[in-house]
Amino acid sequence: MPYPSPKESAGADEAALARRIMAVAPSRDRDAEGELYRRLAPRVRLYGLKHLRDAAAAADLAQDVLLMTLQRLRSGEIREPDRVASFVLGTSRQMVIDRRRGETRHQRILTTFAADLPPSEFSGDRYVLDNARLRRCLEVLPERERTIVLLSFYDERSAADVGSEVGLSAANVRVVRHRSIERLRRCLGWSGDDSERVR
Amino acid sequence: MNPCAAPLPIERLIEYWFDEIARDEDSVIEEHLFICAACSARLQQLAAISAGIKQVVAAGDFGAILTGPFVTRLKQAGLRVREYRVPPGGSVLCTIAPQDDLVVGRLRASLGGVGRLDVVIHDPADGALARLEDVPFNAEAGEVIFAPGAAYLRTLDTLSQCLELVAVTEADARVIGKYTFNHHRYPG
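Top to bottom, those sequences are chains H and G.
7 is the number of the first residue of the first sequence in my numbering; add one for each residue after it.
1228 is the number of the first residue of the second sequence in my numbering; add one for each residue after it.
Some clues are possibly wrong.
Below, computed lysine to any residue pairings styled on SDA-like, alpha-carbon distance capped at 25 Å [said to hold, decoys possible]:
1) G:Lys-1281 to H:Glu-188
2) G:Lys-1302 to G:Pro-1314
3) H:Lys-56 to G:Val-1255
4) H:Lys-56 to G:Pro-1236
Since the hints were derived computationally from the structure, they do not count as laboratory data.
Make the full structure from the sequences, and use the hints.
Given below as structure tokens:
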């Protein structure tokens, strides 16, 4: 199923940062590097979480991919800075394939480029949860939704698997799962409609 | 953050997260996510909720109706689960030990033909306390698995509660099982 590209945002900010980094090389624009890291590291970490299902491995992946990207920008090896986000995705894909083959380059990259790491405040984590608040939000979900959320997110079961355990079709589980996630987002104040928000 | 001109629907992001879409579409979504801060931020919300749920459950700070296979997987994962199997009309002395991660009541019942099932919680002295409507169940398993939060149970001294399973139709509501739990604090 094709999706239109998000033309208005289209990574323009990241491209501008990439051009700034390339323009001053071999000197360093630390502000631009930090900002690029802050913007792209969370996306790589998400990619890693999705494909590696391991928070520490995903964090390592983000560090490795962004370090390599910054190195390539400084050395002028990235020919199209306007497509820096695509370069980062391609590098993420290759590193995940390498990790699955057991070829972990993390330690070597860290050893080589440790001094190039942006400060820790550039980690880019936007959504840090208050677990007590999440618990209160979970408690106000209808029972069926709560069970399906639990099986889906704690146990990481597909809609088909969850459906077989609770006596629903996969399609019904998807509907319930979607509805409950929207309720949680509202409850946590993460959507435009905060009518169900708790503190 | 710039708004996205063509935001990915949240249901597609959820399906992406659970590997429920075809590989070619998966790639298209990833390309979008890497150039779109707004959609990436919404996926971050899903990831944060997922991580938070794992932490809340691991802390025993969470009550829910569970499934049998899920309880089995929790035990296989190393959680210490104390289980009480109770037949209809039965009662049980129950507790939570310091080493327990989870306590579950397995309410046995004949659930064939039941469409909607409610759980009504009674305090013998004060009457009905709560009604959990339309709880999930698997009729073939012949049980409903009720798991109060372990953190809550640890706060209790002694408490008696009666649970009723109620089959609900448009025409009526029929009690198909009553179960009494007599909780006491773990000795020592």
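Determine which of the earlier numbered hints do not hold for this structure and return their numbers in increasing order. Of the numbered hints given earlier, the structure breaks none, since each of them holds.
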